[in-house]
Amino acid sequence: MKRRFEIVVSLKAGLLDPEGKTIQDSLPTMGWMNVSDVRVGKHVELTVDAANEEEATTLAQDVAQRLLSNPVIEEFRILSAEDVR
Amino acid sequence: MKRRFEIVVSLKAGLLDPEGKTIQDSLPTMGWMNVSDVRVGKHVELTVDAANEEEATTLAQDVAQRLLSNPVIEEFRILSAEDVR
Amino acid sequence: MTPRVAVVTFPGSNDDRDALRAVRMFGGEAIPVWHRDRDLHGAEAVLLPGGFSYGDYLRTGAIARFAPVMEAVRDHAATGRPVLGVCNGFQILCEAGLLPGALIRNRGLAFICRRVHVRVETSRTPFTSGIEVGEVLEVPIKHGEGQFVADGETLARIGDEGLVVFRYCSPRGEITDHANPNGSTNNIAGLRNESGNVVGLMPHPEHAVDPDVGPVGGQPLFESLLSSVLAPAS
Amino acid sequence: MRDEPLHRALGLTDEEYWAVEERLGRQPNRAELAMYAAMWSEHCSYKSSKAHLRSLPTQGPDVLVGPGENAGVVDVGDGLACVFKMESHSHPSAIEPFQGAATGVGGIVRDVLSVGARPVALLDPLRFGPLDEAHNRWLLGGVVAGIGQYGNSIGVPTVGGEVKFAPCHTANPTVNVMCIGFAPRDALVRARAEGIGNLFVLIGAHTGRDGIGGVSVLASRTLDESSHESRPSVQIGDPFYEKLLIEACLKMIEAGLLVGLQDLGGAGITCALSESAARADVGADLDLGAVPLRDRSMEDFEILTSESQERMLAIVTPENMPAVEAVCERWGLSSAVIGRVTGDGQVRARLRGQVVAEVPARSLADEAPEYTRPMQAPSYLEELHEDDPTFSEVPVSVADAFRLVLGAPNVASKRWVFEQYDSLVQGNTIAGPGAPAAVIRIEGSLKAVAVSTDGNGRYGYLDPFLGGAHAVAEAARNVACTGARPVAVTNCLNFGDPERPEVMWSFAETIRGMARACEALSTPVTGGNVSFYNETEDSAIYPTAVVGMIGILEDYRLMPRPAFQPSHVVYLLGETFPELGGTEYADVVLGKVSGRPPGLDLEREVALQSLLGEAARVDVLTSAQDCSDGGLAVALAESAMFGETGFAVTVPGDLPAHVALFSESASRAVVSVAPEKADAFEELARSHRVAFTRLGETGGPRMVFDDLFESTVAEARDLYEGSLPGLLDVRREAG
Ligand SMILES: Nc1ncnc2c1ncn2[C@@H]1O[C@H](COP(=O)(O)OP(=O)(O)O)[C@@H](O)[C@H]1O
Ligand SMILES: [Mg+2]
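Chains as they are written, first to last, in this note's numbering: chain U, 30 to 114; chain W, 30 to 114; chain R, 13 to 246; chain X, 9 to 743.
Just chain U, same shape as in the assembly:
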């Protein structure tokens, strides 16, 4: 079976997010006054082909953990998984 996963990789809370901060700082000059706490992360979609749902999820988690993120500074979460053919 094939499943499509959506994975979000983001900097650990507490770590500086220069990209988010720079966007944040630029908003007022663009006329957006009441937007705050901007954080930027990566959004990765991928399709996993596995025997069953558990296997697919384990594999997606494995990829997210070992390839898509570095636990030293990042954390990931799997947003959703849906069947695709």
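It should be emphasised that the hints constitute simulated quantities derived from the structure, not laboratory data.
Fair warning: there could be bad hints in the mix.
[As the list claims (entries may be wrong)] With a Cα cut of at most 25 Å, we get these calculated BS3-like pairs of lysine-lysine:
{"#": "1", "chain 1": "U", "residue 1": "31", "chain 2": "W", "residue 2": "71"}
{"#": "2", "chain 1": "W", "residue 1": "50", "chain 2": "U", "residue 2": "31"}
{"#": "3", "chain 1": "U", "residue 1": "31", "chain 2": "W", "residue 2": "31"}
{"#": "4", "chain 1": "U", "residue 1": "31", "chain 2": "W", "residue 2": "41"}
{"#": "5", "chain 1": "W", "residue 1": "71", "chain 2": "U", "residue 2": "71"}
{"#": "6", "chain 1": "W", "residue 1": "41", "chain 2": "U", "residue 2": "41"}
{"#": "7", "chain 1": "W", "residue 1": "71", "chain 2": "W", "residue 2": "50"}
{"#": "8", "chain 1": "W", "residue 1": "41", "chain 2": "W", "residue 2": "71"}
{"#": "9", "chain 1": "W", "residue 1": "71", "chain 2": "W", "residue 2": "31"}
For this one, chain U is given, so just place chains W, R and X with the ligands on it according to the hints.
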């Protein structure tokens, strides 16, 4: 009221995604054979302070449309919105 | 009179000093302009330099295009006067909608600093007016996000209206994939707008004027610019 | 069971804790203990190395500022000064290569900035494990991308460096970064808090929970499993903010607004305040409440020791404060008055009026414990020395050996790495990556500064004294090949655990060797950095001294390029001895890292270098290439490839062919000379008492090595350029 939005910005379907392709290419060398169609986009979280829900959503959409995404190559969708204090 | 060329400094601009120096080398008066300025100090031409405005965060040029000075650049362009965007400047012009398409990460993902060759595809710009079509120039590139892309319709328009100004090519001028450093569609290295006064390119002509430190393929661009500023084509 | 006392958790020994109590005459509180732990850590206090570093020569006619300041400074004439310093960021890079290396660049750039100089060039000596391991490809890819992203974004060209590989670096990559800056002599600033009543102004990024205990935890202990806990102390760099910081600080210096300037690195505010105060023999009153925070819930000790990046501490007179604020506002930087200079020599931190820490500035900055740790020569050396590869029989043909050596990762082209760096920005790169030394023009003059970083871990492993001496000699030789006069040295000393007598012995020997060479070459040491604990349970890195040599070139138009031109005469300068110990040949062909490294006769070295300088000055040299890794064969091939011009040479002497071609005897160079200048050149060589051998001539597409073998420039280029990309073909592992 304050609302926290999760926004995903991704390359339009037609366009080749260099980062996604690079990750895709590296998967087999790391022993992942049955992962496919990797696409990489941005995940932006931000908090909007507005009079009510509609206003907050309109503002978030405006930021996503005019700043966070470039309509020439990207599309965006608002993943989630929840109240925060 | 000495032609006046404005060079805009955004937070994170790096090649602004090189651009100012190049303008002076060719007898122009180089006018530094700050991103918060609302006018171009009466310059006849404006150059948006390379670098990493706002750290290239979000998208290259995405934040810089909102700078106050960009209104002045827009007006300047609208009146048909010369606007040149180099590297990050090119990216800003695309984000601002003054040039078609967009620039995304290089096909190999990595930043590339290298001498390349580009073929001049049109003389109908203030920056190439003195150059024969087909001439090959050696210039350096140094960018991580220089892959030019656009949707089919836009590409068709670019083709029909002859908006391509430079293409990556071999030293002998052949347009090959091997000569394409970043995967740009149709080897596009530089573009112009419909009226030809706005030009953007990824290679760095300002780093190709002094034989002591590099190739000299940028010289004819500055020569063309300064002479066409003196004698505006009607 | 009772858990260990706080001071041990912070990395202080019991003796060190007692010393703190003695200094204070009372028990330190939590915040004070954290301050001492950070300042007395190996990384900040040099407690194990100071005693040895003292023996390095630091004086010379060109030296304006020696060790003790944030960076060294030499006089380059015409009222201009060259500022330079090298630092290590190996430990963070080992666990987060991209950010670890990126923040390393940020740190060294701020060191140069804090002396008042505009950063004009970066170099990056790197060491990794073999590339057949995915982990090492991930480290290399991440480190190079990180250095590139940071250096490219701040608009400082990366013009040189090194990339070398050895199994001992698999668990412990070595990441050193060197920065050079230029400044008008009279605009130089010091990191001194002069003037009681003056203000301490924190400029730049807000302070967050970054690298709390970073220096003590990461760089002052070996990476074991506990490095998992220390992981959050890796930080995220913001090159964009650093760029604003550079421009703003230079503006303030230009406008004469600053009394002093100090970067914030290891130990954060504590280090910056106590060092700048101690240097001026004053005190500092600090209001923690005034420090702009990223995270309001931070505790006193966290604010005091946070290592948040992209911050500078300026010392400003009250009158100038408005002007300083204006500059910061223009560049979009935050600036906050966080304290005042006092006369009592105390660093005093208050929160809402309450004193939360009060300790003597000197006790933090200057009075850290100093150790002369036990030393002992490693037992394995004797055995290694006996196994001299010079006399092992040759398993392959000389032609195959040539291909193996030329394609070896240590020798092969590093284009894959340096094309990821902007080497052109600022427009003064006369010679960039690929040249024996980088050459940076001094704008508006014919003068230029030449710079090279060198260090050979194998030599250091087999004989640390020679390792240290060769590092200096080779760096100077590379600089001399551009016609420049070598003037001064910075360095990074990368070693294992100093608490092991073998490591400490190697360290002392290395410094002895460096000192000897620096004296002979009249190139004093103006600064550097020591990185210990580069080891894991099973492996320590080679004793690796990396030297950054600065040279002055009076007229860059006379610089020989390392490239052959047709119909020139090729010479080998210097003598070749049967020395294959520790060579690239022994490693890749025989699989041996053994024997003794090549000897070093410093008189010969001095003679060679002065000849190279003189020959360039009188314009008789067309090309010059130093003869080191891979020996004569590689030096010839490189000159041929860079000039796309072949050669035909006779292999000199009565040495066996493979020895003549691959020996790494020191004090040699391959040069080419126009035929009509040959006599003048030979005359010059004789007058300098430098042995020379006329090898043959340049021209054509072929490289002919006597009747031994021949190859073509094209074939050599494929090997040389193809090696790294080939090994990295499957390098795609992301961070
Ligand atoms: N290997 C070395 N050789 C000479 N001087 C050194 C060496 N290591 C450190 N130093 C000097 O000791 C002082 C403290 O070094 P360091 O803590 O790295 O400075 P900073 O904290 O400004 O980076 C500096 O002046 C540095 O130049
Ligand atoms: Mg410092």
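Evaluation of the provided hints:
1. For the suggested pair residue 31 of chain U and residue 71 of chain W, the alpha carbons sit about 24 Å apart, so the restraint of at most 25 Å is met.
2. For the suggested pair residue 50 of chain W and residue 31 of chain U, the alpha carbons sit about 19 Å apart, so the restraint of at most 25 Å is met.
3. Simply put, residue 31 of chain U and residue 31 of chain W have alpha-carbon atoms about 39 Å apart, too far for the 25 Å limit, and the pair is violated.
4. About 23 Å separates the Cα atoms of residue 31 of chain U and residue 41 of chain W, which keeps this hinted pair within 25 Å; it holds.
5. Taken as a hint, the residue 71 of chain W and residue 71 of chain U pair is honoured in the structure, with Cα atoms around 5 Å apart against an allowance of 25 Å.
6. Annotation: proposed proximity of residue 41 of chain W to residue 41 of chain U is violated, straight-line Cα distance about 28 Å (limit 25 Å).
7. The hinted pair formed by residue 71 of chain W and residue 50 of chain W meets the criterion: a straight-line CA distance of about 16 Å does not exceed 25 Å.
8. The suggested pairing of residue 41 of chain W with residue 71 of chain W holds, with an alpha-carbon distance near 13 Å, which does not exceed 25 Å.
9. Simply put, residue 71 of chain W and residue 31 of chain W have alpha-carbon atoms about 23 Å apart, close enough for the 25 Å limit, and the pair holds.
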